[in-house]
Amino acid sequence: MHNPAWRPAQLHTERLASIQHHFIDERPAVRNTGKPGVIHTLPVHLAVAAGHPADALQPQYLMDALARQLNIQTFDVAKHTAWHVEAVSPGRGASHVEQHFVLVFATANLEGVRMAYTGIKQLSATTSRQFGVLYSGARDTDFIRRCQERLASGAEQFLGIHLHELGHLSAPGPDFSADLARLAGEVHRLWEAHSIPDQQEVAHT
Amino acid sequence: MTLQIHAVTEIGSSDLRRLVIDNLGALLGEGARLVENIPHLDDCCVATSHSHDGPVLLSFDALDSQRALLTGLSRMDQLGSEMATLFLQDYLPPAGLMVLAPAAPPGLALFCGPCPVSWRRIQVLSVNGELGLVIGPVPEETAAAAPVQPERRPTIVESVLNPEEERHFSQL
Numbered sequence: 001m002h003n004p005a006w007r008p009a010q011l012h013t014e015r016l017a018s019i020q021h022h023f024i025d026e027r028p029a030v031r032n033t034g035k036p037g038v039i040h041t042l043p044v045h046l047a048v049a050a051g052h053p054a055d056a057l058q059p060q061y062l063m064d065a066l067a068r069q070l071n072i073q074t075f076d077v078a079k080h081t082a083w084h085v086e087a088v089s090p091g092r093g094a095s096h097v098e099q100h101f102v103l104v105f106a107t108a109n110l111e112g113v114r115m116a117y118t119g120i121k122q123l124s125a126t127t128s129r130q131f132g133v134l135y136s137g138a139r140d141t142d143f144i145r146r147c148q149e150r151l152a153s154g155a156e157q158f159l160g161i162h163l164h165e166l167g168h169l170s171a172p173g174p175d176f177s178a179d180l181a182r183l184a185g186e187v188h189r190l191w192e193a194h195s196i197p198d199q200q201e202v203a204h205t
Numbered sequence: 206m207t208l209q210i211h212a213v214t215e216i217g218s219s220d221l222r223r224l225v226i227d228n229l230g231a232l233l234g235e236g237a238r239l240v241e242n243i244p245h246l247d248d249c250c251v252a253t254s255h256s257h258d259g260p261v262l263l264s265f266d267a268l269d270s271q272r273a274l275l276t277g278l279s280r281m282d283q284l285g286s287e288m289a290t291l292f293l294q295d296y297l298p299p300a301g302l303m304v305l306a307p308a309a310p311p312g313l314a315l316f317c318g319p320c321p322v323s324w325r326r327i328q329v330l331s332v333n334g335e336l337g338l339v340i341g342p343v344p345e346e347t348a349a350a351a352p353v354q355p356e357r358r359p360t361i362v363e364s365v366l367n368p369e370e371e372r373h374f375s376q377l
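In order, the protein sequence lines correspond to chains A and B.
All the letters of the first sequence, read from the start, carry residue numbers 1 to 205 under the working numbering.
All the letters of the second sequence, read from the start, carry residue numbers 206 to 377 under the working numbering.
To be clear, the hints were calculated from the coordinates, so they are not data collected in a lab.
Certain hints may be false.
As the list claims (entries may be wrong) - Far from chain A, by Cβ distances over 12 Å, these chain B residues were calculated:
1. Ile210
2. Gly217
3. Arg222
4. Ala231
5. Leu233
6. Val240
7. Ser254
8. Arg325
9. Arg326
10. Asn333
11. Glu335
12. Gly341
13. Leu366
14. Asn367
15. His373
16. Ser375
What the hints assert, rightly or not - In silico SDA-like pairs for lysine to any residue, Cα to Cα no more than 20 Å straight-line:
17. Lys121(A) with Glu98(A)
18. Lys121(A) with Leu166(A)
19. Lys121(A) with Leu232(B)
20. Lys121(A) with Val365(B)
21. Lys121(A) with His373(B)
22. Lys121(A) with Glu369(B)
Because the structure is a prediction, the values reported are computed rather than measured.
Where a beta carbon is used, it is the ideal one built from N, C-alpha and C, also for glycine.
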């Protein structure tokens, strides 16, 4: 059993860990260990509509926080891995997107759903890909469900693609750390499941 | 009670900005509002939108109409750049520029085509110490030049959905 005197320090450490995503001031650097490392790139299609609520999760914040979370959630320490989260623009040539798994971040409204679908259509035009869809900015759970159903049924019907639902993430609040950790875990699982081995490793010196 | 009204020759840009924002309805018509999802502009410009028009950039100066025009043109150029579209993929740069100044800026008549430029007379007054904005009527020559509507760029969504997909994604 732990010494009760340690409890305040432990709580302090846990508190720092839970709010660490607030202290993001630069893109996560690749650890320079002197040994060859591995960079995992997570492409993100930002289907952020003009009406994206100001109090919703913002795309740059998500990308920074998710990169940070993926990097601290040490899935594969032995390989000296580092995660890089990168926005992709499907309309400007998607050929550079090599990964088979793409995260789609969409505003939870009609325009966001349309933009998400368009990006998925363009990104899957030449290469078979898997997509995880995360929403933000919904006014209630019923609205989230309608967005999910509309996009999922369209992707299934017109593209033959089954989408992986990653739910809805609100702006940072009391539950954000737990939600972000859950999202990072799910993204990692999907990324690993749908990436072929030679895509997972990019040597970094 | 006597109203003491006099023209204000010196006003801070933030005060003028507040007056313009307070009078968006009078300047642009009912339903005019500030555009929130637009990159940061300086104190002498605000981006606005109307319920049925595209975004319009307002550039204002209480004294120097030429400065208002040049600032507005410079900001229009920035807002139309690739950088502005990085994270907002259906972002539309301002379709028009309106200069708010005491006089028509030099060279205004030369502007036409895809970037219509218009002008409305404004004058800042102090009434019993309270600042106010007098907005002049729409000048006829400017009104005649205005009908040229910029072609709205099709968004990515509009360009790749087929009719069947359009029907499916026409509502939630």
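Indices of hints not satisfied (ascending):
6, 7, 13, 14, 15, 16, 19
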